[in-house]
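Line by line, the protein sequences give chains A and B. Mapping of the first sequence onto the numbering used here: residues 7 to 325, in sequence order. Mapping of the second sequence onto the numbering used here: residues 8 to 372, in sequence order.
The hints are simulated quantities; they were obtained by calculation from the structure and are not laboratory data. Please read all numbers here as calculations on a predicted model, not as lab measurements. Some hints here could point you the wrong way.
[Said to hold, decoys possible] Label pairs and their computed distance ranges (CB to CB):
| id | chain 1 | residue 1 | chain 2 | residue 2 | range |
| --- | --- | --- | --- | --- | --- |
| 1 | A | ASP315 | B | VAL173 | 27 to 37 Å |
| 2 | A | LYS48 | B | GLU211 | 49 to 59 Å |
| 3 | A | GLY131 | B | VAL253 | 42 to 52 Å |
| 4 | B | ALA94 | A | THR51 | 22 to 32 Å |
| 5 | A | VAL12 | B | VAL173 | 22 to 32 Å |
[As the list claims (entries may be wrong)] Here are the simulated BS3-like pairs of lysine-lysine, each with C-alpha atoms no more than 30 Å apart in a straight line:
| id | chain 1 | residue 1 | chain 2 | residue 2 |
| --- | --- | --- | --- | --- |
| 6 | A | LYS48 | A | LYS66 |
| 7 | A | LYS99 | A | LYS66 |
| 8 | A | LYS78 | A | LYS60 |
| 9 | B | LYS206 | A | LYS66 |
| 10 | A | LYS48 | A | LYS60 |
| 11 | A | LYS66 | A | LYS78 |
| 12 | A | LYS48 | A | LYS77 |
| 13 | B | LYS206 | A | LYS48 |
| 14 | B | LYS98 | A | LYS78 |
| 15 | A | LYS99 | A | LYS129 |
| 16 | A | LYS129 | A | LYS66 |
| 17 | B | LYS206 | A | LYS60 |
| 18 | A | LYS77 | A | LYS99 |
| 19 | A | LYS77 | A | LYS66 |
| 20 | A | LYS77 | B | LYS98 |
All C-beta atoms in this analysis are idealised placements derived from N, C-alpha and C, irrespective of residue type, glycine included.
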Amino acid sequence: MARFVVRRLVGMVLVLFVISVIVFLIFNVIPNSDPAQRIAGKNATPQLVANITKEWGFDKSLPEQYLTMMKKIFSGELISYNSRLNVDEQIVKGIPATFSLCIGAAVLWMFFGILFGYLSAVKAGRFTDRALTVLAVAGISTPVFFIAAVFLYLFTFKIELFPASSYVPFTEDPVAWANHLILPWISLAILTAGFYSRVLRSNMLDAMNEDYVRTARAKGLSERRVMSRHVMRNSLIPIVTLFGLDFAAVVGGGAILTESIFSLEGVGLYAAEAIGNLDLPPIMAVTLFGAFFVVVFNALVDIAYAWLDPRIRLGTPAQ
Amino acid sequence: MAREPQAEPAPAGAGAGDELPPAPRGVSAEGAGPWRLAYRRLLRNRVALAFLALFVLIVAFVLAAPLWSRYVAHTGPNTTHTLETIAVNGKKREVVAPSGVPIGPVWFGAGGKFFLGADGGLGRDEMVRLMYGGRTSLLIGFAAAAITTIFAILLGLLSGYYRGWVDAVIARMLDVIWAFPVLLLGIALGTALAVGGLKIGPIEISGSSLWIPILIIGFVYVPYMARPIRGEILALREKEFVEAAVAQGAGPLRIMFAELLPNLASTIIVFFTINVANSMLLEAALSFLGAGVQPPNSSWGTMISGGISIIYTSPLLTIIPGLMITLTVLSVNVFGDGLRDALDPRSKVRLEARLGQAEAEGTAI
Chain A
7 MARFVVRRLV
17 GMVLVLFVIS
27 VIVFLIFNVI
37 PNSDPAQRIA
47 GKNATPQLVA
57 NITKEWGFDK
67 SLPEQYLTMM
77 KKIFSGELIS
87 YNSRLNVDEQ
97 IVKGIPATFS
107 LCIGAAVLWM
117 FFGILFGYLS
127 AVKAGRFTDR
137 ALTVLAVAGI
147 STPVFFIAAV
157 FLYLFTFKIE
167 LFPASSYVPF
177 TEDPVAWANH
187 LILPWISLAI
197 LTAGFYSRVL
207 RSNMLDAMNE
217 DYVRTARAKG
227 LSERRVMSRH
237 VMRNSLIPIV
247 TLFGLDFAAV
257 VGGGAILTES
267 IFSLEGVGLY
277 AAEAIGNLDL
287 PPIMAVTLFG
297 AFFVVVFNAL
307 VDIAYAWLDP
317 RIRLGTPAQ
Chain B
8 MAREPQAEPA
18 PAGAGAGDEL
28 PPAPRGVSAE
38 GAGPWRLAYR
48 RLLRNRVALA
58 FLALFVLIVA
68 FVLAAPLWSR
78 YVAHTGPNTT
88 HTLETIAVNG
98 KKREVVAPSG
108 VPIGPVWFGA
118 GGKFFLGADG
128 GLGRDEMVRL
138 MYGGRTSLLI
148 GFAAAAITTI
158 FAILLGLLSG
168 YYRGWVDAVI
178 ARMLDVIWAF
188 PVLLLGIALG
198 TALAVGGLKI
208 GPIEISGSSL
218 WIPILIIGFV
228 YVPYMARPIR
238 GEILALREKE
248 FVEAAVAQGA
258 GPLRIMFAEL
268 LPNLASTIIV
278 FFTINVANSM
288 LLEAALSFLG
298 AGVQPPNSSW
308 GTMISGGISI
318 IYTSPLLTII
328 PGLMITLTVL
338 SVNVFGDGLR
348 DALDPRSKVR
358 LEARLGQAEA
368 EGTAI
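In isolation and in its complexed conformation, chain A is listed as follows (with noise of 0.2 Å):
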């Protein structure tokens, strides 16, 4: 287990690095520009692009470059040049909201992806299941985004079901906390659920047809206990995996689009004000920190399973 984890964790590292050097190149190496005038923003002088320069080291050799760079990102001194705000410290100002929208709407995807997927399977063929695929494939074929305009115009409008939103601390008012993130939550976890549920029910579908759910039946167990125990079970496998990816680029980068249509004041919201300016550094930082955060989390899956399950751990591909 031991050496697992230290594999696991040097491999880490060395996309952590990886990742660093490609924001890196994508945002001053690659585009067509001079990179002080892009960071600099919309309304830069001449002054204000020849400081970046030199603050930045534009002048000096690329490695010298990315050294500057990521010591601004991870020392906090960061600051975007439009609005003259501090980069990290508006990143940490926006986690909590960010994390409430990701975690309630992971609670409700997975809960609807496996109530659904398992329906669907158990009724396979029939009316339950026809009408739980077409939610599930509309669901999937549907923007993010245009979901949570329509549920924002209905549902806080046209009928005034919930408040228009902003983000309500937990502390402050937890009732109001959560009135103000149902729809958020409903709107990002649509996707996954109707994902899920497609996975689950064909998962379970294979299952049916092994041979120890078989003998589960020869057992003369009920129909009820074969599924739940022996069918579920292993086609819920996947799923957790799933969920380790799906929940880490959510909070890395997904739910910038439904923050921003309902106006939560977290780390997507703020990403996505600084697209709209075409403000790089908080691009940049929230680029990085997105892409850390799906790869750490990841790898902490990879040992929580790890530890479940040796078959892993001593390296041998699980089926």
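Go by the hints and put chain B onto chain A.
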């Protein structure tokens, strides 16, 4: 856990030695080759065909943009009509009311002008914009999917054929790109390239060119397709027909493109439809945020972005382009799924793999 992608060979001509899957047209009815069988299975799938018809309708709709613009609406997608009035069923109405609210759908009340009303502040004809915006969205969807497909095939072939260090390098690169959330990578590239554009050798692309979102979206999905293709090639590489080709003295190019590639035909076709759907969704998301299609071009995504700011007074400006995206992606998804069923009924990769995540590995360094 689906660790390695299905090692299952593609149905078409698998293990058929030096015999390649015949071209669809060259098959006689009695022979009923794999392509012919797939075609028959597809014809029996009514739902898939209905959604194909819907997709064709949408394409026809956006292709008709210049005609509608010229003969019916008499205006272009970027022509503003802010201070003008039009006669709707004989009554004079302002295109944009003094309060800033644009006119809603007037259908044929003004002879086809402002069929769906005008868009926000600038008073542009929404119907004309919808048709031209759809061209952009569909163009990006297909062009980006083509780029993804070409790169994924090349990388998958190189990786799977040469194995060894070539494979190690390519596989690690794909893993790193795969670690980025797709949206985040698109945003990073989109904002970085929107200002000054891109310069690759002698080719210079301006920041507002449609090529920028096409290249970006094409690029970010490469790992999602290249990884499964690499897996399939690695499995096929071990088969006797490759050995036979080597024994005949076939070079690497011939083995890759004439022996291995044809076996992947059905995988590639199905992935292409998935790529089109995903590319269109990503384009819409990026454009919505301002990191995709840049003015003066517009797409369904930028139209929604403009509509959201006035959603309370003119909800249709958000709903109409949103429905168009949804219907298009839906039709591609359902048809693609039918295609998959027809080409490879045994395969497990279906709609569930749409987001490219079913190939997820537990240990994704």
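Here is what the structure says about each hint:
1. ASP315/A / VAL173/B: 27 to 37 Å: 32 Å, holds
2. LYS48/A / GLU211/B: 49 to 59 Å: 23 Å, violated
3. GLY131/A / VAL253/B: 42 to 52 Å: 47 Å, holds
4. ALA94/B / THR51/A: 22 to 32 Å: Taking Cβ atoms as reference, ALA94/B and THR51/A lie about 50 Å apart, which means the hint is violated.
5. VAL12/A / VAL173/B: 22 to 32 Å: 28 Å Cβ-Cβ, so the 22 to 32 Å window holds.
6. LYS48/A / LYS66/A: 24 Å, holds
7. LYS99/A / LYS66/A: 34 Å, violated
8. LYS78/A / LYS60/A: 14 Å, holds
9. LYS206/B / LYS66/A: It holds: about 21 Å lies between the C-alpha atoms, which stays within 30 Å.
10. LYS48/A / LYS60/A: Cα-Cα ~19 Å, so holds.
11. LYS66/A / LYS78/A: 16 Å, holds
12. LYS48/A / LYS77/A: 24 Å, holds
13. LYS206/B / LYS48/A: 22 Å, holds
14. LYS98/B / LYS78/A: 62 Å, violated
15. LYS99/A / LYS129/A: 46 Å, violated
16. LYS129/A / LYS66/A: Roughly 66 Å separates the two Cα atoms, so the pair is violated.
17. LYS206/B / LYS60/A: Roughly 24 Å between the alpha carbons, so the hint for LYS206/B and LYS60/A holds.
18. LYS77/A / LYS99/A: 21 Å, holds
19. LYS77/A / LYS66/A: 15 Å, holds
20. LYS77/A / LYS98/B: 65 Å, violated
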